[in-house]
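There are 2 protein chains.
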Amino acid sequence: MIPGPIEFEPAVMRAMGAPTTSHVAGDFIETFGRSLEMMREVWLAPSGQPIILAGSGTLAMDAAGANLVEPGDKALVISTGYFGDRFAQLLERYGAKVTLLKAETGDVVDPGLIDRTLARDSYKLMTFTHVDTSTAVRVDPKPIGMLGKKHGVLTILDGVCSVAGEEIRQDEWGIDVVLTASQKAVGVPPGLALLMLSPKAIGAFRFRKTPVGSYYSDFTHWLPVMEAYENRKPSYFGTPAVNLIAALEVSLAGILREGMEHRFERHRNIGRMFRDGLKSLGLEMIPVREEVSANTLSAPYFPAGTDGPAFLSKVNEYGIILAGGLLPEIKSRYFRIGHMGSVNRADTAATLDAIRLAL
Amino acid sequence: MIPGPIEFEPAVMRAMGAPTTSHVAGDFIETFGRSLEMMREVWLAPSGQPIILAGSGTLAMDAAGANLVEPGDKALVISTGYFGDRFAQLLERYGAKVTLLKAETGDVVDPGLIDRTLARDSYKLMTFTHVDTSTAVRVDPKPIGMLGKKHGVLTILDGVCSVAGEEIRQDEWGIDVVLTASQKAVGVPPGLALLMLSPKAIGAFRFRKTPVGSYYSDFTHWLPVMEAYENRKPSYFGTPAVNLIAALEVSLAGILREGMEHRFERHRNIGRMFRDGLKSLGLEMIPVREEVSANTLSAPYFPAGTDGPAFLSKVNEYGIILAGGLLPEIKSRYFRIGHMGSVNRADTAATLDAIRLAL
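Residue numbers (my numbering), protein chains in the order written: chain S, 377 to 735; chain Y, 377 to 735.
Please keep in mind that the hints were generated in silico from the structure rather than gathered at the bench.
Do not rely on the hints blindly, as some may be mistaken.
Identical chains share a label here; the pair holds if one copy fits it or two copies do between them.
Calculated pairs, DSS-like style, for lysine-lysine (alpha carbon to alpha carbon, straight line, at most 27 Å) [unchecked claim]: (1) Lys707 - Lys609; (2) Lys690 - Lys609; (3) Lys473 - Lys655; (4) Lys525 - Lys707; (5) Lys450 - Lys690; (6) Lys585 - Lys478; (7) Lys500 - Lys690; (8) Lys518 - Lys585; (9) Lys585 - Lys450.
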């Protein structure tokens, strides 16, 4: 019950363990092509360009930053935790001048402040985190997407702990990049970085005047590969992670069988019921109110006087693995529980029970 | 029978398909730690620092280049094919001034020329490709390692198509970086970039004055993670590719059970016998003589007048998948057969038979 790697469907694991085909064999070309197509449906981004890379979620952030930033570009980073802060460091590495708007722990940044900040200077892009895995704070992407459009600023949404769990409508909300990693709500073991680029993001990439700072992340190499596979032709830059992509095809097909609307609703219900359960045990949450609480994970403080590591290992004795804190400022004071992907009410009930017993 | 992804052992595939544990769970920490330790034995690099990253073989090249090059550094690239040329582009991306020594197609660069070139200028590093997957040309790393020591130049060996197949003795031969990808002779599905750094390479990295050009590849983030897991402690920068690392543990253990000396010898024997077989069918090889021929793959020209794609699909009808050409200059004139990892004489005999029938 950690916030990724989550538990994966048996059919996904069978694809992981099935014989590896050639990356240019007909069956794999079909698998890669279909995975790219299904990503558009899961992201609700019919006009988007999907990209699948071998690497962790950090690579997805790296690729977004490296390909859209040129030295001297101004970037606004909206941080609701560890991963927001990471985006600031990452963009600076590629030469961006970063302005950081950091929320109070457990809260979000006021959209009015974002609006005023964007009005004061000419930013090229803005990053924000849908659900920061370190705090379980959920940002509403819709108004931020609108602010990006209003000010002509590219919007990059870190959806690592949200895509295929929290509601995302990339096209409708006008967000230029939505990125994630395979091991979260997408439901595939770790090792794939996944991105969806709007036509505007592609345009900004093609318009750059300097080479991309990272060789491996450079879309110049990868875009022709994605286009080729989607047109059912082999292509090569780096060898794709064949088994992980086969697992991705299976998982995306399962997600679409469930249906995005149902899936969003299921995550909302599970998230709300689980928070109610935690609160009924007297636990206080990092997110300061319901509207900024993630539905994919929860992050409660330990009750006063609790020995955190002892508590977590007690929960473990009841068959449940939970995660410790991640945000440096309060790392030892809280813990985290993932509830995304193919999680169900029995999982969350067993988790609540283990927490109650350990307390 | 393509030169990667190769066929993998059933036990490796079982590890791929086994339930994914948390990346900070005790059993996975042990798996990660043991994999790092076994890499040293496979690379014959007792003093080396192993690194395991989620990504393709290109990421391993990227990490070597990005971490060791600073803008303005002089780099000598010895190219025996497509992947040698790629290293030149990659190092230039990170600001290196590259001198390219390009072998005639099918041949290697004369070590005397390398020696004289190194003497004429002050190079920081030199890259070379053990087996270039595009040409099946094999370079002898030992004299080049010695030239690196003689001239005080860091040596980076692209071992993507060689590590755990061709003879490599990293410590003894004094090579500073030996890198590979999981899906070749290491015997694990694609998705892991693997590197081994000498103490001198680590020293050069720590001595750098500018930040690493790529955020994702930056060893500043990864070295503490590798050290932690080897000390059986959890750590985090990006989520490790849990199932691939579990598969790596199984494969490395199998490689060490076979023993490195036996494994080198087996690859030499299979390579020699397979080349003899191809020659007996009247095929001419890209490598111009035995001493520069890889033992992990072969690259014969099509006989004059052969319709390449028709030939390869005919071979396919006999149950064998082979790879087409990759070197742009002669791409349509040759094909490639991998024979590495758990390949045996029955595989190569069946392949020769299919080629003979298709011809």
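Need the list of violated hint numbers for this structure, in ascending order. 3, 4, 5, 6, 7 and 8
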